[in-house]
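Participant: Residue numbers (the numbering used here), protein chains in the order written: chain A, 1 to 355; chain B, 1 to 596.
These are calculated hints, taken from the structure and not from any lab test. Just to be clear, a hint being listed does not mean it is correct.
Taking lysine-lysine and the DSBU-like style, the derived pairs with C-alpha atoms no more than 35 Å apart in a straight line are [claimed, not checked]: (1) 178/A - 330/A; (2) 76/B - 120/A; (3) 117/A - 76/B; (4) 76/B - 300/A; (5) 376/B - 588/B; (6) 322/A - 24/B; (7) 533/B - 22/A; (8) 40/A - 533/B; (9) 36/B - 117/A; (10) 40/A - 112/A; (11) 120/A - 532/B; (12) 588/B - 112/A; (13) 588/B - 22/A; (14) 119/A - 376/B; (15) 24/B - 22/A; (16) 533/B - 119/A; (17) 295/A - 322/A; (18) 120/A - 376/B; (19) 588/B - 129/A; (20) 120/A - 588/B; (21) 24/B - 117/A; (22) 212/B - 76/B; (23) 129/A - 376/B; (24) 112/A - 533/B; (25) 40/A - 36/B; (26) 76/B - 295/A; (27) 117/A - 376/B; (28) 119/A - 588/B; (29) 40/A - 532/B; (30) 24/B - 120/A.
Residues per chain are reported as follows:
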Amino acid sequence: MTALLTIIVLVFILVAIWQMVKIFDLAQARSENTQVANDKDNTLNGYLMMGFLAFIYIITIVCFVKWGDLPLLSNSASEHGPTIDNLMIISLVIIFIVQTITQFLLHYFAFKYKGEKGKKALFFADNNKLEAIWTIIPVIVLAGLIIYGLNTWINIMGVDESEDPLIVELYAQQFNWKARYAGADNTLGKANVRLIDIDRANILGLDESDPNAQDDVITTELHLPVGKPVLFKMRSQDVLHSAYMPHFRAQMNCVPGMITQFGFTPTVTTAEMRQNPDMVEKVANINKIRVENSKPLVAKGEEPLDRYEFDYLLLCNKICGKSHYNMQMKIIVETQEEYDAWIKQQKEFKNSLIN
Amino acid sequence: MSAHADTHAHDDHGHHHKETFVTKYIFSQDHKMIAKQYLITGTIMGVIGVLMSMMFRMQIAWPEEPNVLFEALLGKWAPDGVMDADIYLALVTIHGTIMVFFVLTAGLSGTFSNLLIPLQIGARDMASGFLNMISYWLFFLSSIIMVISLFVEAGPAAAGWTIYPPLSALPMAQGGSGMGMTLWLVSMAIFIASSLLGSLNYIVTVLNLRTKGMSMTRLPLTIWAFFITAVIGVVSFPVLLSAALLLIMDRSFGTSFFLSDIFIQGEVLHYQGGSPVLFEHLFWFLGHPEVYIVILPAMGLVSEIMASNSRKPIFGYRAMIASILAIAFLSTIVWGHHMFISGMNPFLGSVFTFTTLLIAIPSAVKAFNWITTLWKGNLQMNPAMLFSIGFVSTFITGGLTGIILGDSALDINVHDTYFVVAHFHLVMGISALYGMFAGIYHWYPKMFGRMLNKNLGYIHFWVTAVCAYGVFFPMHFIGMAGLPRRYYTNSNFPLFDDLANVNVIITIFALVGGVVQIVYLYNFFMSIFYGKKATQNPWSATTLEWTTPVEHIHGNWPGEIPHVYRWAYDYSKPGHDTDFVPQTVPLKEGEEELQH
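Using the sequences provided together with the hints, build the complete structure.
Facilitator: This is the structure we're talking about:
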C-alpha cells in the first residue's frame with residue numbers, strides 16, 4: 001500500500017514538474033528560444049554542480065558514519081582476517097582520497113569555467129608532462145596494491161599441510177548445507193553422488209567400502225575448535241553454490257563434479273564474539289528493530305519475532321534456485337574441549353546407515 | 001577508397017530512388033533510419049528493464065508485502081499481490097540481460113555507431129546497407145523472443161544474467177530453466193549474430209570509407225571508440241555464442257560439456273566429465289570485454305560532447321586513443337577476476353589480479369584528461385554536457401571500487417555481495433546510460449531535425465544524478481556488511497535486520513529515479529513532432545555530421561562529400577575569428593595542425 005501511495009505521489013510531482021516547465025518555456029518564448037544553453041543556464045547549472053559536489057560529500061560522510069564501521073568490517077574471527085581487513089582499509093583510504101580530489105576538480109571546474117558569451121576558452125590540447133604524471137602516479141600506487149594484495153592472497157590460499165589442519169567437508173545441495181568431519185583418521189572417505197542411497201541414509205554418497213569413510217561424521221551444524229587450522233573441502237550435488245562465511249573472511253564456490261577447498265583458522269569463539277562490545281551493541285540494535293517489527297505481527301495475532309542472538313553463519317552466495325535466500329548453516333566456534341565433547345556425541349557414518 | 005565511395009554513391013543514391021513507406025521506415029537500409037530504429041527498440045527494452053528493477057527493489061525494501069503493482073503486472077506470479085520467489089530471480093535475471101545487451105549494447109552502440117560512423121567519417125552510408133538492415137532486424141527478432149520468454153508457463157530464465165550451469169541447464173533445478181531458458185539462449189544467439197554483423201560493418205566502414213583527408217589520426221574520438229568496440233565485439237562475442245551452443249547441447253542433446261556428477265530430486269543424472277567452471281571461463285571471456293563494449297562508446301560520445309561544449313580541444317587526443325587501445329587489449333585478459341573463488345587454481349587468481357589492476361592506469365588517464373578538458377574552458381551547460389560531466393563522476397566513483405574487487409584477496413569477502421552490484425552499476429550501468437543520454441541530447445537534432453527541450457533535460461539530469469548516487473552509494477556499505485545479492489528477502493537473517501532501513505532508502509531513490517525517466521520519454525517522443533526546429537549546426541561543432549542538411553537525405557550530402565583538412569578538435573584555436581573551425585576548413589597559410 002505504501003508503495004502505491006509513493007507512486008501516486010511521484011506521478012503528481014511529475015505532472016507538477018511538466019506544468020512548471022511549460023510555464024517556464026512560455027515565459028522564455030519572447031526571448032530567444034533555441035534550446036541551446038544560454039548564460040543563465042550556464043550559471044544556474046554551474047552552481048548546481050557545486051551543490052552536487054556537496055551532495056556527494058555529504059552522502060559519503062553519512063554512509064561512513066552510519067554504516068561505515070559495521071562490526072563485520074573491524075571484527076574478523078579468523079587468523080587471516082585482519083590481513084584482509086588491513087588491505088581493505090588501505091584500499092578504502094586510497095579510494096577516499098582519490099575520490100575526494102577528483103570529484104572536487106571535476107565539479108569545481110564545471111562551476112568555475114561555466115560559459116559566458118564572448119569568453120574564449122584556452123586552446124590547450126596536450127601536455128606530455130601532465131600525461132606522464134597521471135600515468136606514473138597510478139602505476140606506483142597500483143604496484144603497491146598489487147604486491148600487497150598478491151602477497152595476502154597467496155598466504156590465504158596456500159594450504160600448509162604440515163600444520164595438520166582439521167579436514168571438514170562442506171556439502172551443498174538445494175537448499176541446505178551439511179558438514180562432514182573426517183573422524184579420528186582425519187581423512188575423508190571417498191564419495192560420489194552416484195553412491196547416494198537415500199533408503200540407507202547414505203545421503204552424501206560415501207563409499208561404504210572405504211575404510212576411511214567408516215568414522216566420518218555428518219552434521220547439520222558446523223562446529224570448529226578455536227585456534228586450530230581447518231581445511232574445508234567443498235562439494236555440491238546439484239548446482240553451483242558458494243560457501244560464504246563473512247565473519248571469517250572466507251568464501252569458495254561449491255562445484256558439482258569437483259572438490260574445491262579453502263582453509264582458515266578461527267580465532268574467536270562464538271561465546272567471546274557475543275561478548276565483544278561492538279557486537280553487543282549491534283545485537284541490541286537488531287533486537288530493538290525486531291521488537292519494533294513484532295508490534296504489527298502481535299496486533300494481527302501472530303507470533304512476535306524471536307530474539308536475535310549472535311551466531312556465525314555459513315550463507316549460500318551463488319544463485320542456486322528458488323530458496324537461495326534461505327540456505328544457511330550455523331557455525332559454532334568453541335574451545336577444543338567443547339568441540340571434542342560435541343563430536344563424541346555425533347554418530348559415525350558406519351553406525352548411521354540403515355540396513 | 002573514397003573515390004570509389006563517390007562513384008558508388010552516384011550509382012546508387014542521389015536521384016532515382018523511389019521510397020515507399022516500407023523501404024523508408026521499416027526495411028530501411030539507410031544508416032540514419034536504422035540508428036533511430038535501434039534507439040527506439042532499445043528505449044522500449046529499457047523501459048521494460050527499468051520497470052523490472054523497480055519491482056524487485058520494492059520487494060527487497062518491503063519483503064513479501066502485497067503490492068497492487070505486482071498483482072497487476074505479474075499476474076499468477078504474485079498471488080494476492082505478494083511476489084513469488086521464482087519470479088524475483090527471473091526479474092533480476094531479465095533485468096540484467098536486457099540492460100546489458102539490449103539497451104547498453106544494441107541500444108547504445110547500435111544507435112550511435114550507425115548514426116555517427118558514416119556521418120563523421122564522411123561516407124554516404126555503411127559499407128553494406130543490406131547487412132546493416134539484417135543486423136537491426138535480427139536484433140529486433142531477438143528482442144521479441146526475449147519479451148516472449150517472459151510469458152512462458154514455467155517462468156522466464158531465472159539463473160542470473162550469467163546463466164551459470166547446472167542451474168541454467170536443468171529444468172528440475174528451477175522452473176525458469178525450462179522453456180524460458182531455451183528462449184533466452186535462442187534470443188541471445190540471434191542477438192550475437194546481429195551484433196557480429198553490425199560490428200563487421202562498422203569495422204569495414206571505418207577502415208575503407210573515410211573521406212579524403214580523414215586520416216585515422218583525424219578521426220573524432222567517437223569513431224575511435226566505436227571502431228575499437230566493434231573489434232572487441234568480433235573477438236569476444238563468438239565465444240559467448242559457443243558457450244550458448246554448448247549449453248543448448250547439454251540441455252537438449254545429453255552432452256556433458258558443463259555438467260558432471262549431479263544428483264537432483266532423488267535421481268542421479270547421466271552427465272559425466274564436464275565442468276561448470278569451463279562455462280564460467282567461456283562466459284566471462286565475453287562477459288568482461290562486454291562491459292567495455294558497453295562503456296567505450298559512452299566514453300567516445302562523452303569525449304566528443306565535452307570538447308564541443310567546453311569549446312576546447314579534447315585534452316590529450318593521442319593519449320585518449322592509446323588508452324582506448326590499452327583498455328581494449330587488457331579487457332580480453334582479465335575475465336578471471338569474476339572467478340577468483342570459482343575453484344580455479346589460485347595462481348590464476350594472482351595473474352588476473354595483476355592484469356585487472358593494470359586497467360586502472362588507462363582508465364585514470366582518461367578521467368584526468370576529461371577533467372583537464374574542462375579546465376579553463378567556456379563550458380556550455382547543455383543537457384548533453386551535464387550528462388557527460390555526470391558520466392565522469394560516476395565513472396570515477398564506480399571505477400575506484402574496482403581496485404577492491406579486482407584484488408583477489410579482497411574479493412573473497414565482497415564477491416557476489418551488494419558491493420559488486422554497486423560497483424558495476426555505477427561504473428558501467430549508470431555511466432553508460434549517462435553516455436547514452438548525453439549522445440541522445442547532443443545528436444537528437446541530427447536524428448530528428450528538432451531540438452529536445454532543455455529545461456526538461458535539466459530536470460531529467462539533476463533528479464537522475466541525485467537518485468543514481470542515492471541508490472548505489474549506500475549499496476557499497478550493505479555489501480561490505482556481507483549482504484549477498486540475489487536474495488529474495490533478507491528476513492531469514494536477523495543478522496541483516498539493521499540493514500533493512502538502508503534498503504528502503506535505496507528503493508525510494510530507485511523509484512524516484514525510475515519514474516523521472518518519464519520526463520525524458522515525454523521530451524523524447526513529443527519533441528519528434530513538436531520540438532523546436534533545429535539549425536544545421538546547433539552546438540557549433542567541428543565534425544562532419546553538422547555539414548549535412550537538417551532534412552535527412554539518402555547519401556547524406558547533396559553534392560560531393562566534403563574533404564577534411566584538420567582534426568576534429570579545433571575549438572577556440574588562436575588565429576581564428578570563431579571559437580570553432582570545422583574539419584572542412586583548409587588550414588590557413590602557416591597554420592600548424594595540432595593533433596597530438
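Participant: Please go over all the hints and tell whether each is borne out by the structure.
Facilitator: To see whether the hints hold, each was checked on the structure:
1. Of the supplied pair hints, the one linking residue 178/A and residue 330/A holds, its CA atoms being roughly 10 Å apart against a limit of 35 Å.
2. Only pairs whose Cα atoms come within 35 Å are accepted, and residue 76/B paired with residue 120/A is rejected, the gap being roughly 62 Å.
3. About 60 Å separates the Cα atoms of residue 117/A and residue 76/B, which puts this hinted pair outside 35 Å; it is violated.
4. For the given pair, residue 76/B sits about 26 Å from residue 300/A by alpha-carbon distance, which is consistent with the 35 Å threshold.
5. Between residue 376/B and residue 588/B the alpha-carbon distance is near 25 Å, which keeps this suggested pair within the 35 Å criterion.
6. Of the pairs offered as hints, the one joining residue 322/A and residue 24/B is violated, with about 47 Å between alpha carbons and a cut-off of 35 Å exceeded.
7. Simply put, residue 533/B and residue 22/A have alpha-carbon atoms about 18 Å apart, close enough for the 35 Å limit, and the pair holds.
8. For the proposed pair residue 40/A and residue 533/B, the alpha carbon gap of about 22 Å is at most 35 Å, so the pair holds.
9. At most 35 Å may separate the alpha-carbon atoms for a hinted pair to count; residue 36/B and residue 117/A meet this at roughly 34 Å.
10. Between residue 40/A and residue 112/A, the direct Cα distance comes to roughly 14 Å. Compliance with the 35 Å bound is thereby established for this hinted pair.
11. Taken as a hint, the residue 120/A and residue 532/B pair is honoured in the structure, with Cα atoms around 28 Å apart against an allowance of 35 Å.
12. Proximity of residue 588/B to residue 112/A is assessed by CA-CA distance (about 33 Å); at most 35 Å being required, the pair is judged to hold.
13. Annotation: proposed proximity of residue 588/B to residue 22/A is violated, straight-line Cα distance about 47 Å (limit 35 Å).
14. At most 35 Å may separate the alpha-carbon atoms for a hinted pair to count; residue 119/A and residue 376/B meet this at roughly 10 Å.
15. Taking the CA atoms of residue 24/B and residue 22/A, the gap is near 34 Å; set against the 35 Å cutoff, the hint holds.
16. Simply put, residue 533/B and residue 119/A have alpha-carbon atoms about 27 Å apart, close enough for the 35 Å limit, and the pair holds.
17. Distance restraint check for residue 295/A and residue 322/A: the Cα-Cα separation of roughly 29 Å lies within the 35 Å cut-off, and the hinted pair is therefore satisfied.
18. For the hint linking residue 120/A to residue 376/B, the alpha-carbon distance of about 9 Å falls within 35 Å, and the restraint holds.
19. At roughly 29 Å between alpha-carbon atoms, residue 588/B and residue 129/A fall within 35 Å of each other, so this suggested pair holds.
20. A threshold of 35 Å between alpha carbons decides the hint, and for residue 120/A with residue 588/B the separation of about 20 Å falls inside it, so the pair holds.
21. For the hint pairing residue 24/B with residue 117/A, the CA-to-CA distance comes to about 41 Å; that exceeds 35 Å, so the pair is violated.
22. A threshold of 35 Å between alpha carbons decides the hint, and for residue 212/B with residue 76/B the separation of about 61 Å lies outside it, so the pair is violated.
23. Between residue 129/A and residue 376/B, the direct Cα distance comes to roughly 18 Å. Compliance with the 35 Å bound is thereby established for this hinted pair.
24. Of the supplied pair hints, the one linking residue 112/A and residue 533/B holds, its CA atoms being roughly 32 Å apart against a limit of 35 Å.
25. Note on residue 40/A and residue 36/B: the hinted pairing holds, with a Cα-Cα distance of about 32 Å set against a maximum of 35 Å.
26. The straight-line distance between the Cα atoms of residue 76/B and residue 295/A is roughly 31 Å, inside the 35 Å bound, and the hint therefore holds.
27. At most 35 Å may separate the alpha-carbon atoms for a hinted pair to count; residue 117/A and residue 376/B meet this at roughly 14 Å.
28. A hinted pair counts as satisfied when its Cα atoms are at most 35 Å apart, and residue 119/A with residue 588/B qualifies at roughly 23 Å.
29. For the hint pairing residue 40/A with residue 532/B, the CA-to-CA distance comes to about 19 Å; that is within 35 Å, so the pair holds.
30. Of the pairs offered as hints, the one joining residue 24/B and residue 120/A is violated, with about 43 Å between alpha carbons and a cut-off of 35 Å exceeded.
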